[in-house]
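There are 2 protein chains.
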Amino acid sequence: MSLSRRGFIASAGAGVALGAAVGAGAQAYADSSEPVDAVDLSTSYDFYTGSHQVGIATPPQRHCIFMTFDLVAGATSKDLQVLLATWSAAIAQLQAGRTVGQMEPISLSAVATDTGEAYGLSTAGLTVTVGLGPGVFDKRLGLAAHRPKLLAPLPALPSESLDPKLTGGDLSVQACADDPQVVYHAIRDLARLGRGVVEVGWTVMGFGRASAGAEQSTPRNLMGYKDGTRNVSTEAQRAEFVWVDDDAAWAAGGTYQVARKIQMDIEIWDSATMQTQHEVFGRTKVAGAPLTGTREFDTPDFHATAGGKPIIDPDSHVALASPENNRGLRILRRGYNFTDGLNEAGQLDAGLLFIAYMNTPEAFIRLQTKMGRSDKLNEYITHVGSGVFFVPPAPKPGHYLAEQLFG
Amino acid sequence: MSLSRRGFIASAGAGVALGAAVGAGAQAYADSSEPVDAVDLSTSYDFYTGSHQVGIATPPQRHCIFMTFDLVAGATSKDLQVLLATWSAAIAQLQAGRTVGQMEPISLSAVATDTGEAYGLSTAGLTVTVGLGPGVFDKRLGLAAHRPKLLAPLPALPSESLDPKLTGGDLSVQACADDPQVVYHAIRDLARLGRGVVEVGWTVMGFGRASAGAEQSTPRNLMGYKDGTRNVSTEAQRAEFVWVDDDAAWAAGGTYQVARKIQMDIEIWDSATMQTQHEVFGRTKVAGAPLTGTREFDTPDFHATAGGKPIIDPDSHVALASPENNRGLRILRRGYNFTDGLNEAGQLDAGLLFIAYMNTPEAFIRLQTKMGRSDKLNEYITHVGSGVFFVPPAPKPGHYLAEQLFG
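Line by line, the protein sequences give chains A and B.
Under UniProt numbering, read the first sequence as residues 1 to 407, first letter to last.
Under UniProt numbering, read the second sequence as residues 1 to 407, first letter to last.
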């Protein structure tokens with residue numbers, strides 16, 4: 001196996017004397033073959049596309065807050081209708097770089113509609129993506145006849161250890177942008193607008209490096225490995241694997257969203273040898289190449305052997321997740337790193353906010369059933385949060401999200 | 001009082017019918033008088049400046065993680081010396097966009113030195129600023145003779161409600177950059193390098209909008225108000241208020257750092273009327289002007305009255321913090337917003353990571369004693385975390401942080 005080595009020995013100043021281990025073998029982050037790493041904060045996305053909601057095919061921005069909401073007891077179909085119309089109008093404003101209403105009312109006895117912390121900031125590529133959980137279509141609201149036909153709570157899956165406080169949800173909101181304050185403002189003001197109809201459920205705040213599929217380099221997760229090398233990235237793939245077309249008529253152009261909060265035991269991971277890490281992922285670390293290749297986008301060869309053993313372990317992450325080993329199955333993953341600071345043991349509390357889009361939740365269930373059983377990565381990760389949602393298509397101008405439900 | 005109004009009524013699409021409140025009075029974030037909001041991720045700062053550490057006078061980057069560390073029982077002066085030399089070498093590497101050592105060792109049985117998640121990313125203006133807490137100079141290490149003369153634990157201050165888990169620290173590390181993954185990587189790898197000598201104490205992860213003093217617009221806190229309008233921003237002010245020059249010889253060019261984690265009751269704040277918010281800050285919200293002026297940088301007139309009452313309440317935040325009312329006193333504030341997701345009541349858990357630099361901790365003590373007693377803002381905020389540190393000057397090439405302590 002050939003390891004890509006781009007390191008150079010750097011002068012470490014005073015560290016040479018007392019901190020020698022630090023300088024040795026230091027590697028520059030920057031790879032001259034990669035494009036310039038810059039953020040254009042003037043990007044904006046239209047909300048009223050009339051087809052798919054943004055935030056799915058949109059190249060991942062650097063920040064993401066995912067938050068679920070639950071309908072309060074006694075909420076009606078009309079309440080939900082008003083909420084979705086209100087949120088639609090607000091999201092259109094936010095994505096256009098506007099407040100959701102007055103930030104400084106002329107009447108001093110009034111309370112501001114917008115909380116104001118994003119005033120003066122650019123649009124930063126904000127996208128807000130709204131999903132409807134299975135509970136929206138239960139008996140409470142009388143909307144059962146409109147249920148997207150594959151929308152149901154996820155079954156229990158192998159090796160997960162879900163925290164009841166981090167599961168489910170009647171609505172999901174995924175807000176992504178290249179500025180953290182723009183993301184926070186969007187989530188906060190949507191939560192305010194929902195008061196009285198919904199309560200917040202669970203939330204994860206993620207960050208990551210922007211990536212535009214093959215055009216930019218693949219982001220790394222907090223295990224230091226590239227994540228998303230073989231992701232769904234073309235419109236043809238999205239047509240095949242992401243967008244719904246044989247569901248309820250109102251649902252056409254929508255998609256199913258699965259969100260998981262995945263805790264990583266990164267301090268244990270950090271003490272694993274290079275060989276263990278390579279075996280777990282089935283890839284090298286710097287290059288992100290499959291162990292049977294030398295470059296990131298080399299196709300893994302799951303049949304190659306060395307000394308009678310497969311070079312890529314069949315229980316490695318790449319082998320279990322690979323389309324070749326799953327009858328061609330793919331899902332669109334939108335992964336963000338998260339950190340919650342320190343846990344009670346004083347260790348870094350971190351992991352992956354895994355959001356995936358697919359035209360059937362069965363795709364995730366099949367993949368995760370298999371990976372939950374035997375993925376070598378399971379020794380270092382735990383799925384602690386989970387939800388499934390149907391993401392309706394985007395509204396046309398003059399309409400709002402899921403309007404057809406309330407005919 | 002004149003209110004700056006730059007809003008316009010935006011078409012809110014479908015929202016007009018059902019979500020009308022949302023569109024009304026919407027205000028565009030973007031102010032054409034402000035410079036383009038873009039981030040150049042190629043900025044880098046040299047560590048071996050030989051004068052002040054970076055991250056103090058450096059224009060605030062968009063992300064910041066503040067973390068404290070405590071010496072383990074039995075740690076010696078030599079252990080601390082090796083740690084400071086190792087961290088110095090590592091910080092120099094990190095700020096130059098390099099790993100802190102091998103990310104992919106050639107020997108597969110080796111464990112990587114660098115965790116790898118920042119590989120391929122730009123420098124993003126990373127600065128790492130290290131401080132020494134009072135505990136470094138107590139009897140444990142035999143360094144008491146070198147104690148910076150004003151370094152001592154902060155006294156109890158009015159209206160604070162400190163969480164013992166969020167106070168103190170033998171060492172502080174403030175890592176700031178325009179990329180969250182670069183910041184996280186720096187903190188994580190420094191924590192790894194400290195294992196066996198220090199344990200992590202408390203941490204806050206902050207975000208905000210970049211600001212370069214008068215050259216860029218002032219960032220807003222999560223109350224929607226501009227924060228930092230009258231901050232220390234020139235080298236002359238820093239010479240007067242920030243850099244130490246009559247302390248121990250080794251300390252010249254250093255500064256004292258006070259860090260506070262300030263919780264905001266933002267949901268209560270959000271329900272306050274415009275008048276209340278104006279009175280609390282003594283400023284308007286959109287423009288950030290003092291209530292006696294029309295523009296942000298107008299000097300507040302604390303003597304102006306209307307109907308026999310002061311226009312700016314003497315207990316407003318601006319009045320209590322103002323140099324005019326504190327015998328000219330100023331401190332350099334480096335504030336970041338933070339959010340910890342949801343609290344146990346399901347409310348947004350957010351606030352301000354307040355880091356300030358000054359040539360005497362007495363400056364903070366005086367200001368906070370006064371504000372803790374009567375600041376109208378106290379109804380909406382709580383100081384829950386606190387630490388004080390001495391930040392040594394930067395080392396010259398070939399040397400390391402606080403080297404003179406170990407002569």
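Be a bit skeptical, because a hint or two may be false.
Since copy identity is lost for identical chains, a pair holds within one copy or between any two.
Restricting the straight-line Cα-Cα distance to at most 20 Å, the calculated cross-link-like pairs of lysine to aspartate or glutamate (EDC-like) are [claimed, not checked]:
#	residue 1	residue 2
1	78	315
2	165	340
3	165	349
4	396	340
5	149	245
6	376	265
7	165	245
8	370	279
9	165	379
10	165	344
11	149	163
12	309	235
13	139	40
14	149	265
15	78	160
16	309	240
17	165	240
18	78	324
Just so you know, these hints were derived from the structure itself, not from any lab.
Now the hints, each set against the structure:
Proximity of residue 78 to residue 315 under the C-alpha cut-off of 20 Å is found in neither arrangement, the shortest distances being 49 Å within a copy and 46 Å between copies. With identical chains, the CA atoms of residue 165 and residue 340 are at most 20 Å apart both within one copy (16 Å) and between copies (15 Å). In this assembly of identical chains, residue 165 and residue 349 lie within 20 Å of each other by CA distance both inside one copy and across copies; the values are 17 Å within and 16 Å between. Within a single copy, residue 396 and residue 340 get their C-alpha atoms no closer than 38 Å, and across copies no closer than 36 Å, so neither meets the 20 Å cut-off.
Taking identical chains as interchangeable, the C-alpha atoms of residue 149 and residue 245 lie at most 20 Å apart only when both belong to the same chain, with a minimum of 11 Å there against 73 Å between chains. Taking CA atoms no more than 20 Å apart as the test, residue 376 paired with residue 265 passes inside one copy only; the shortest distance there is 13 Å, against 44 Å between copies. In this homomeric assembly, residue 165 and residue 245 never come within 20 Å of each other (Cα to Cα): the closest approach is 33 Å inside a single copy and 53 Å across copies. Taking CA atoms no more than 20 Å apart as the test, residue 370 paired with residue 279 passes inside one copy only; the shortest distance there is 18 Å, against 60 Å between copies.
For a Cα distance limit of 20 Å, the shortest separation of residue 165 from residue 379 qualifies neither inside one copy, at 23 Å, nor across copies, at 30 Å. For the homomeric pair residue 165 and residue 344, the shortest alpha-carbon distances inside one copy (18 Å) and between copies (10 Å) are both at most 20 Å. Within a single copy, residue 149 and residue 163 get their C-alpha atoms no closer than 27 Å, and across copies no closer than 50 Å, so neither meets the 20 Å cut-off. In this homomeric assembly, residue 309 and residue 235 never come within 20 Å of each other (Cα to Cα): the closest approach is 38 Å inside a single copy and 65 Å across copies.
In the homo-oligomer, the alpha carbons of residue 139 and residue 40 never lie at most 20 Å apart, since the shortest distance is 46 Å inside one protomer and 52 Å across protomers. Taking the shortest Cα distances, residue 149 and residue 265 never come within 20 Å of each other, neither inside one copy (37 Å) nor across copies (42 Å). For the identical chains of this complex, residue 78 and residue 160 are neighbours neither inside a copy (36 Å) nor across copies (45 Å), given an alpha-carbon limit of 20 Å. Proximity of residue 309 and residue 240 under a CA criterion of 20 Å is satisfied in neither setting, with 35 Å inside one chain copy and 70 Å between copies.
Proximity of residue 165 to residue 240 under the C-alpha cut-off of 20 Å is found in neither arrangement, the shortest distances being 34 Å within a copy and 51 Å between copies. Proximity of residue 78 and residue 324 under a CA criterion of 20 Å is satisfied in neither setting, with 47 Å inside one chain copy and 55 Å between copies.
Checked against the numbered hints given earlier, the structure breaks hints 1, 4, 7, 9, 11, 12, 13, 14, 15, 16, 17, 18 and satisfies all the rest.
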